[in-house]
Amino acid sequence: MNRTSITMENHEILQGRTDIGKIGMWWFLASEVMTFGGFLAVYILYRLASRGAWAETASHVSVLIGSINTVVLLTSSLTMIKSAEAVDNENRNSVRNWLGLTVLLGILFLLIKATEYFIEINHGFTPLTNPFWSFYFALTGLHGLHVLVGIIVNLILFVMACRGTLWPNIQQRVEFAGLYWHFVDIVWIFLFPLLYFQY
Amino acid sequence: MTNTERPHPNYVAVWIWLMLLLAVSLVAVYLPFSQGLTVFLILVIALVKSVLVATYFMHLRFERRLILAIAIIPVILFIGMLLTLLPDIVYNPVVSVFYSADTH
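For the record, the sequence lines run as chains A and B. For reference, each letter of the first sequence is one residue, going 1 to 199 in the working numbering. For reference, each letter of the second sequence is one residue, going 1 to 104 in the working numbering.
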C-alpha cells in the first residue's frame, strides 16, 4: 500500500464517524418532528372542528409582534449557517462572531415572546381561558423551551470559540448545533401562521 | 478534520426568499378564502419555507439518502395522521359541537 491509499482510508474512516453523529442528530430531530407534529395536528384539527369559532378569541394575538419574531428567528438561522460556513473556511473570528450573533438573536426572540405573554396575560388571556389559548401557550411555551436549550448550546460553543477550545472537534459541533437550531426555526415557521393568522 | 468539500450555496439568497415568502403569507391571509382553504394555503407556504431551510441551511440537498429518509418519513407520518383524524374530529357532526371556544 502506498501513502496515498492509506490517507484515503483514513479519510473514509473519519467520514464514517462524522456520518454516525449526523445520523444520530437527525434521528433525534425526527423524534422532535413527531412531538411537535402530534401537538400541531391536534391543534389544527380542533381549530378546524370549531368551524371558525376560535377566530374571535384568536384575533387577540399580535400578528405584528409574531412577524417580528419570525424575522428574528429566520435571521438567526442565517447567522448560524454562516458560522458553519466560516468553520469550513477556517475563519476562527468569523465563527465566533456569527455564533455570538445567533445567541443574541435567540435571546431577542425569547424577550419578545415574554413581552407578548405579559401583554396577553394582562389582557386576561391565560392558558386556562379557553382551548385556543391553552394550545397557544402550550405550543409557544414548548417551542420557547426548545429555543432556550438551543441558546444555551450555542452560548457554550460561542464561549469555546472565544477561548479557542472549540477547534479540535469544531466542525461537527457547530454543524450539529446548527441542525438543531434550524429545526427549531422550522417549527416556528409552522407555529407562526397556524397560531397568528385569522381563519 | 475540516470538510472543505462541503458545498455552500448562497445562504443570503435563501434568506431573502424566506422573507419574501413571509410577506406573501401575510398578504394571503387577508384574502377572502374559506377556513379550510386558508389553512391549506398557510400549510403550503410554511412547507415551502421549511423545505428551503431544510434543503439549504440543513444541507439536506447534499446529504445521502439515509438522512433524507430520516428527515422525510416523520413529515409523511404527520400529514398521514392529520388526514386520518380529519373525518373523526372535523367532519363528525355529533362530536364537533364540543370543540367551540367559550370566550370571556
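Hints were generated in silico from the structure; no laboratory data involved. For every residue, glycine included, the Cβ atom is placed at its ideal position computed from N, Cα and C. Misleading hints may appear alongside valid ones.
[Stated by the list, open to error] Chain A regions said to be covered by chain B (calculated; three or more residues, Cβ under 8 Å):
1) 20–28
2) 74–84
3) 95–108
4) 174–182
[As the list claims (entries may be wrong)] Anything over 12 Å on all C-beta distances counts as not near chain B; from chain A, calculated:
5) Thr115
6) Leu142
7) Gly164
Comparing the hints with the structure gives:
1. 20–28: holds (count 4)
2. 74–84: holds (count 7)
3. 95–108: With 0 residues close enough to chain B, the hint is violated.
4. 174–182: holds (count 3)
5. Thr115: The assertion about A:Thr115 holds, with a minimum of 20 Å to chain B.
6. Leu142: holds, 16 Å
7. Gly164: holds, 16 Å
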